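Visitor: So the sequences go chain by chain: A and B.
If you're matching positions, the first sequence starts at 1 in the numbering used here and goes up one per residue.
If you're matching positions, the second sequence starts at 1 in the numbering used here and goes up one per residue.
Copies of the same chain look alike in the list, so a pair counts if it fits in one copy or across any two.
Computed list of lysine-lysine pairs in DSS-like fashion (alpha-carbon distance at most 25 Å, straight line):
| id | residue 1 | residue 2 |
| --- | --- | --- |
| 1 | 199 | 222 |
| 2 | 276 | 255 |
| 3 | 10 | 74 |
| 4 | 74 | 2 |
| 5 | 7 | 18 |
| 6 | 74 | 156 |
| 7 | 276 | 256 |
| 8 | 74 | 18 |
| 9 | 256 | 35 |
| 10 | 35 | 255 |
| 11 | 74 | 35 |
Everything labelled a hint here was simulated from the structure, so no lab data went into it.
Because the structure is a prediction, the values reported are computed rather than measured.
There are 2 protein chains.
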Amino acid sequence: MKDLVRKILKGDSAAIAKGISLVENNADETQMLMKEIFPYTGDSTIIGITGAPGTGKSTLVDQMIDALIEKNRKIGIIAVDPSSPFTGGAILGDRIRMMRHSVHPDVFIRSMATRGHLGGLAKASGEALFILDASGKDCLLVETVGVGQDEIEVVKLADVIIVVLIPGSGDEIQIFKAGIMEIADIFVINKADSPGAEKTERQIKAMLDIGKKDETAPPVLKTVATEGHGINRLIERIDTIISFREEETHVERRKKRISYLLREILNERLFREAMKSVQDVDFDECVDRIYDHTSDPYTIADQIIDSLAKKV
Amino acid sequence: MKDLVRKILKGDSAAIAKGISLVENNADETQMLMKEIFPYTGDSTIIGITGAPGTGKSTLVDQMIDALIEKNRKIGIIAVDPSSPFTGGAILGDRIRMMRHSVHPDVFIRSMATRGHLGGLAKASGEALFILDASGKDCLLVETVGVGQDEIEVVKLADVIIVVLIPGSGDEIQIFKAGIMEIADIFVINKADSPGAEKTERQIKAMLDIGKKDETAPPVLKTVATEGHGINRLIERIDTIISFREEETHVERRKKRISYLLREILNERLFREAMKSVQDVDFDECVDRIYDHTSDPYTIADQIIDSLAKKV
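So that you can see chain A by itself, here it is in the shape it has in the complex (with noise of 0.2 Å):
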């Protein structure tokens, strides 16, 4: 364990692959691991890329590494994917070319898949960016897709989130339905070459108009990945954000992270205590139960408790 979190700090990619594994089974030693790892957390910034999909998300962070490792920056990038027991595992269609980049040695990428986190998705990947953080990124990307509720909670764990559209991605209200334009911090409408950019440009300024009228809107910026075009601007316009953010803002972003995932972790940790001490409970015996209606699952989970706390 030691040698594994040396070589974390160290920056070695094999150890920092191999301690997110660890996060993602949940191991014991996780626990350990972390514990070590945690007091060098808290320099790199973390930027979260969210949107629908089929809006470029993959191309544009592909675009975004090439950027950031002109500026010598070092880079971790936790990309989020659904999982599909057809494909047995996170697909990695769009990560293709990605991955090109893992061989730099400034630049970790990491498929995750949304399901199978027994802790949760979200501490699983709040861990993973600890891990990234400790081992000297200075620049951390988190892609998800973001139409779900998990996937979103993930992406509000970042200092700078980016909500990329694309033109004429259906009327506003699909948009308000993803439920994601409240959190953004940089709008991005990428595949801008297409028609229709002007048209949702507007649609979003009209609506910031209505939701943050006394606060600064977040800019809304045009991409086209695919050609490299726009992304310097985007890169200069997060370094901005984060340079003239106020203190007190930055600080109460940071606390709400912690917060949420001091919650998530302890959350996990009170359901595992309790499930160790419940071992010889017939979970399947109290599933019959309820299905026969000769209990409910109400009572089941008082009884549960109740014995718990005569135990302890």
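Given chain A, put chain B in place with the hints provided.
Guide: Quick look at chain B alone, frame taken from chain A:
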């Protein structure tokens, strides 16, 4: 409470609405209500409907309600909508038309927001379904946007799962990405009068060939919900699936649902109990200590659990 239970069991819409509000607010009375109601559940058929935004799920559900009313079914609908602070709640946009049905005495429609359920979306929607089930509705429809993990979990609780797609809704990889292919009992290609419907059908069938070799492949149906085309065939197909399903499969699915809900209920109860006992812990102070690196989330979780164990 006795009065509320009695009215719910009689199918009184105002009482059902009040019951679901208790569930949504995760009020202290919820548990009492659910214990009273649970013995009367288990008779409804639950139909889950999911798909990406813009596939016309709401219009489809609207038409299904029409068709089910004609068959004298009693219908309950839970429509799960991503919420947005811009609108201050669930978005009603394309719900407005559906709501016209809610004046019908045999139809109950409720829109639930994905966010802000203290015990989680799955628990809240599962409990709302218990209430509708006990109220005598024989057909329950649950509609969600099937891209997020939480939303998929909700739909997975159904007896029959319908995945809605539209022609040319992007290349196959996007469908894969949704991670919902493998849970479908029926595929519906809505807007089937648009170009590419046949191609989409072929793509789905090709994928099913890869994924489900030894099982009976789910049917692929075409609808034009705006015109009401294909709706009756869809309803018949649902009925057929339920009628011809092996008893064993049916019981297994129901037990899976019970098992999932029991875990959610237990998880929420545990966390709530813990939080009660933990009231003297200053959560903000913990966050501050983590922020300035004098402690870490894992050590603090340890301390909270230790102090809990001492108290019980």
